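Listed below are the residues making up each chain.
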Amino acid sequence: MSRFELASTIVDTTGQRDRLRHPASGGYCAFEGWVRNSNEGREVDGLSYEAYAELAVAEGERIVAEAIERYGVTDARCVHRTGDLKIGDMAVWVGASAPHRDEAFRACRYIIDEIKHRLPIWKKEHYVTGESDWVACTHVYREHEHEGHQHHHHAPAVPFVPDYSRQTRLREVGEAGQAKLASSRVLVIGAGGLGCPVISYLAGAGIGTLGIVDGDRLDASNLHRQIMYDTQDIGEFKAELASRRVAALNPAVQVQVWTQPLDAGNAVDVFRQFDLVIECTDDMRSRYLSSDAAVISGTPLILASIYQYEGQLQFVAAKPGSPCLRCLWPQEPAPESVGSCVLSGVLGPVPGVLGAMQATEALKYLLGLPQPNAGALSLVNLIDLSIQHLPIDAAGGCAMHGGCVEVARRALARSMDEQEIDLAFDRLDDAIAAGYRLVDVREADELVSDPMPVAGAMHVPSAQVGARAGEFVDGRYLLVCASGRRSGHAARLLRDEGVQNVYSLAGGLHALRVTG
Amino acid sequence: MTVVNLQYYAQLREQAGTSAEQVDTMAGSLRELYEELRIARGFSLAADALKVAVNAQFSGWERPLRDGDTIVFIPPVAGG
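Chains as they are written, first to last, in our numbering: chain V, 1 to 516; chain S, 1 to 80.
Some hints here could point you the wrong way.
Stretch by stretch, here's where chain V covers chain S in the computed footprint (C-beta under 8 Å, at least three residues) [to be verified]:
(1) 21 to 32
(2) 61 to 73
Calculated Cβ distances over 10 Å to all of chain V for the following chain S residues [claimed, not checked]:
(3) M1
(4) A40
(5) G42
Since the hints were made in silico from the structure, they are not lab data.
None of the values given here were measured: they were computed from a predicted structure.
Note that the Cβ used here is the ideal one computed from N, Cα and C, for glycine as well.
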């Protein structure tokens, strides 16, 4: 269905508006451009638009699609008039609907700015004097080009030169240490509660290249602990926001951005491009993937995770004889058993402390400083302010199952086999139409507070899926949870039980709301 | 009876309602002790999902208990 139209008659604004209605949208915003009675000092009594129709429609479609992608709005549309118009007639109409108003306003602004800048439509003004003239549309101010730069009132006269004097003053750093940092490449996976301090401190320290991976968009509930971001950033990809933050903090740092999580197919190749990886996600699956990719690629990894008021830190050296994550916990635990910030809650500074510790370990590693507790699991308790280091005995871990590299290779191969488990749908109706039976694996209280958008789903809480494997007979089942994590884990569990006809909704209900 | 000091982390701390406690136990091994506590404290995690450390060193579950041992049960956590 086309979202951009050229119209030779009056625009049906009611019909356009109704086509943007969607249950996931909490608001709608429209812009109308009208013909006014003067332009650059000359009185106008009407104008004509001529368009290169095929190109205008294709380019218009592209602009609307860009706005939807860029701001994560539910839907957007645009109509541009052609032909003769009088004073007060509507020349262009833009509308966007979204879960939250900010994205809708920004998407509208983006579309009208880009339409005026890029569309092959020419305007002929008819003046009161009887003359007429073709008017070029130049010097369009494009608001989105200035996003993230709102605080800069003056462009600096000379390029900014970073001043690292406070850290080079340290005997262990010096100019030689600074040169090591400048030639280092560090990948940060997750730009959330842990990632914010990690990225900020590493950017400030002058790391040569920072890679930033995060598939999520900023939510209002992130702001109490994710201190790189502002209210106006809500709805945007965190990886892109973080990249802009790094550019503002230290333009000398090169940034590479991934707005999709890494997977079993690309993680090892991506890790090989970096000297060090820092795992900052809130996702157990991502942690295990990172541990596997680290030992296979030989790239050191700094893991941290948090729970309410405490955290765990582990440095994986990725060298023979040193322990990995699987040496401690061989199997990935079920998501419902490990807690999350969403379900268990978290005090904002807790990931801040653990992230700052990860950043410190990273700089120590890159500078070649001693890391006396690098082979331990460090338990950080912010209730009694204690840190306990438990040395990990590598001989009692993966070594008993062929070694970390062999164990990691088997785990990655299994993940590759399971990649087709995750299915993406824009709407659950599409899944039903494709023949899938929906299974809601969330807890009963979540069903009440956030009902499924469609009726008729089976309800099997994720912890019971294994015991009720016998219920998944005949047909195909799509397991659904809030984020896709519990449903993915449950689907893999069922596959292990020999139930092959089960799949998981990629990204869960949250993803439907963003793209829907 | 053996007297041991227990420390709980994460989900176990939450379910026990305390970070630390001292208990008298008849349990012969760490595994038996955890099974006792699982019933008494209502822990949802099975022993195999946890790591256990005694006197600041990771330990196997079959280790016998000694008076004065400081025992830490550690679940994996995922938040970030």
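Here's how the hints hold up against the structure:
no. : hint     : result
1   : 21 to 32 : violated (count 0)
2   : 61 to 73 : violated (count 1)
3   : M1       : 27 Å, holds
4   : A40      : 20 Å, holds
5   : G42      : 14 Å, holds
Of the hints listed earlier, those the structure fails to meet are numbers 1, 2, in rising order.
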